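**Student:** If you want the building blocks of each chain, they are given just below.
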Amino acid sequence: MEAHAVNPWVAVAYLIAGVCFILALRGLSSPATSRSGNRYGMIGMTIAVLTTLLTHVPVLGPPDPDLLVEIWVFDKVTIVEILAAIAIGAIIGLTTARRIAMTAMPQLVAAFHSLVGLAAVLVGLAAWLNPGAFGILDDAGQIFLPSRIEMSLGIAIGAITFSGSVIAFLKLNGNMSGAPILLPARHVINFGVLAAIIGLIGAYVLSDAGGPGEGLLIVWITLAAFAVGFLLIIPIGGADMPVVVSMLNSYSGWAAAAMGFTLHNTAMIITGALVGSSGAILSYIMCKAMNRSFISVIAGGFGADAGGAGEGGAKEQRPWKRGSAEDAAFLMKEAENVIIIPGYGMAVAQAQHALREMTDLLKEHGVNVKFAIHPVAGRMPGHMNVLLAEASVPYDEVFELEDINSEFAQADVAFIIGANDVVNPAAKTDKSSPIYGMPVFDVDKAKTIFFIKRSMGGQGYAGVDNDVFYMDQTMMLLSDAKKMVEEINKSLTD
Amino acid sequence: MDFISILSIFVLACCVGYYVVWSVTPALHTPLMAVTNAISSVIVVGALIAAAAAGVPGAKWLGLGAVVLASVNIFGGFAVTERMLAMYKKKDKPGAGKAGK
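As you go down the protein sequences, you meet chains A and B in turn. Per the UniProt record's numbering, the very first residue in the first sequence carries number 1; after that it's consecutive. Per the UniProt record's numbering, the very first residue in the second sequence carries number 1; after that it's consecutive.
Take these hints with a grain of salt, some might be off.
Claimed, not checked - Only pairs whose alpha carbons sit at most 30 Å apart, straight line, appear in this in silico BS3-like list of lysine-lysine: (1) A:K482 - B:K90; (2) A:K370 - B:K89; (3) A:K333 - A:K370; (4) A:K483 - B:K89; (5) A:K483 - B:K90; (6) A:K333 - B:K90; (7) A:K445 - A:K483; (8) A:K321 - A:K288; (9) B:K91 - A:K445; (10) B:K90 - A:K445; (11) A:K428 - B:K91; (12) A:K288 - B:K89; (13) A:K321 - B:K91; (14) A:K482 - B:K89; (15) A:K288 - A:K483; (16) B:K91 - A:K363; (17) A:K431 - B:K90; (18) A:K428 - B:K89; (19) A:K428 - B:K90; (20) B:K91 - A:K431; (21) A:K321 - B:K89; (22) B:K90 - A:K321; (23) B:K89 - A:K431; (24) A:K445 - A:K370.
Because the hints were derived from the structure by calculation, they are not lab data. Just so we're clear, the structure is a prediction, and the values are computed from it rather than from any experiment.
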């Protein structure tokens, strides 16, 4: 039972690490305390790693006098190997963290999730091959029954997290089309494989082959779980990615918690529970912000069906007005209140810096500028806030949907850049619309609307036409978002 | 530790997680995901145990592999969170935007 923290100080150390992780999340309640929160996270991780190294690598801890020579030689190699492994990881991690563009955060987070998932699978398989080291062997040389459940669950969740995150990464990174890929009878296949995993876990838990590395059931569980992760994510479209990324975040937590149960490790259990609930809450917030049930997001196919219907329907030609950069510059300069609504299109066009410049110029003209952010804007929760922060937009000028929506009635200009569905009034009025019930910005209450869009042809991800295009007070600015904002800036400085 | 104590820790931690995460401001949801990512790499504890254990070379190499993966996440996750959080700034001059009204 060496892994089961015999020394009370070891248990206390892991508990302190767990508390540090709680404080890390607590710090994020406001940007002012967030950085000290992150430090707590680092301290917690350092405590957890050092405690494990001191208790499990004998070259650092008190050596066993009987085996001194043998272990000394062997473990010197081990500690060097471990430090080398950490160093390799550190170099890759730090280089990536430093170089990554803020617009690429969603794919980076997806990639990181996949690593946690794969690490959980490897640890689970290692526990299966060498259960003695993890203290989960009984006197008969069999792995404890509860440990078998925890271990196989940890492997299964980890494998789903891994393959799901890899697909999410490929979609977000553009290596794979963001459009949903719909296999025939996919629900039947998914349920079949899921049921198979549960059956395999049950069979493994009850089987006689409970010794170290015995039987191939664990391998089958791993492979089936890899398949489920893959099958679950391929039918989910680009606009639903915020939910997927949050969901995988949650899974990576549950995988860590399951391994924590196997190892009886408090730090892992607390962290797993925190991360698991965090991801679950974020998924819930995202679903609510789209007025969609979690089940319907996971069932997938959103965007594909609606897009097909849109093409089939007879499109009437409705009149719309085209505006120019000069119009926008003139009207906004004269305005008192301007509200800017950024969306994923702004991120794609990398227009955030030009946009910040525009707000600076407007402020010089005495205009009161605010940013309005929808919970599902971008490809992950809070994506727009990070991009605006990167462009040095102060966070107290950025507002959430419910805080700013009442202000559109007093706004002279609503400036929509790269957003579409989140300003579509059909969500409030048209019961047949696929986005009906989704909370949206009341931009129609603003005196003038500027809508930056590439062309009149393309529609939002939901594939629905937007009445805002055709309103009397709307002027369409048809261009690349960044180019258009730069032109507006030029007119503002002239 | 018996199963019930572990389960109690888990359930209570879920409750703490629930309240703590709801108190996170939506503006920081991306850093939240990055930092939860970094801390879920505490799975490195299991990886280190596997890597340090003698006897089964297969398990040791799996452990070392997991140490590399988790380390990428720990260092990368905390560093990218730090980088993001450093960008969140308050207005330089409070009320400057309204001054010209």
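**Student:** Given the proposed pairing of A:K445 with A:K483, does the C-alpha separation stay at or below 30 Å?
**Tutor:** OK: A:K445 and A:K483 at ~27 Å, within 30 Å.
**Student:** Taking 30 Å as the top limit, are the C-alpha atoms of A:K428 and B:K90 close enough?
**Tutor:** With a Cα-Cα distance of about 34 Å, the restraint between A:K428 and B:K90 is violated, given a limit of 30 Å.
**Student:** Between A:K483 and B:K89, is the straight-line Cα distance small enough, at 30 Å or below?
**Tutor:** Distance of about 26 Å is within 30 Å: holds.
**Student:** Does B:K89 sit within 30 Å of A:K428, going by the straight-line distance between their CA atoms?
**Tutor:** 35 Å, violated
**Student:** Regarding the pair A:K428 and B:K91, is the alpha-carbon distance no greater than 30 Å?
**Tutor:** Violated, at roughly 34 Å.
**Student:** B:K91 and A:K431: Cα distance at most 30 Å?
**Tutor:** 42 Å, violated
**Student:** Against the 30 Å threshold, does the CA-CA distance of A:K288 and A:K483 hold or violate the hint?
**Tutor:** 34 Å, violated
**Student:** Quickly compare the C-alpha distance for A:K333 and A:K370 to 30 Å and report which way the hint goes.
**Tutor:** 14 Å, holds
**Student:** Given the proposed pairing of A:K288 with B:K89, does the C-alpha separation stay at or below 30 Å?
**Tutor:** 29 Å, holds
**Student:** For the pair supplied as a hint, B:K89 and A:K431, is the alpha-carbon distance within the 30 Å limit?
**Tutor:** 41 Å, violated
**Student:** Between A:K333 and B:K90, is the straight-line Cα distance small enough, at 30 Å or below?
**Tutor:** 24 Å, holds
**Student:** Taking only the CA atoms, is the gap from A:K321 to B:K91 under or equal to 30 Å?
**Tutor:** Distance of about 36 Å is beyond 30 Å: violated.
The structure does not agree with the numbered hints 8, 11, 13, 15, 17, 18, 19, 20, 21, 22 and 23 stated previously, though it agrees with the rest.
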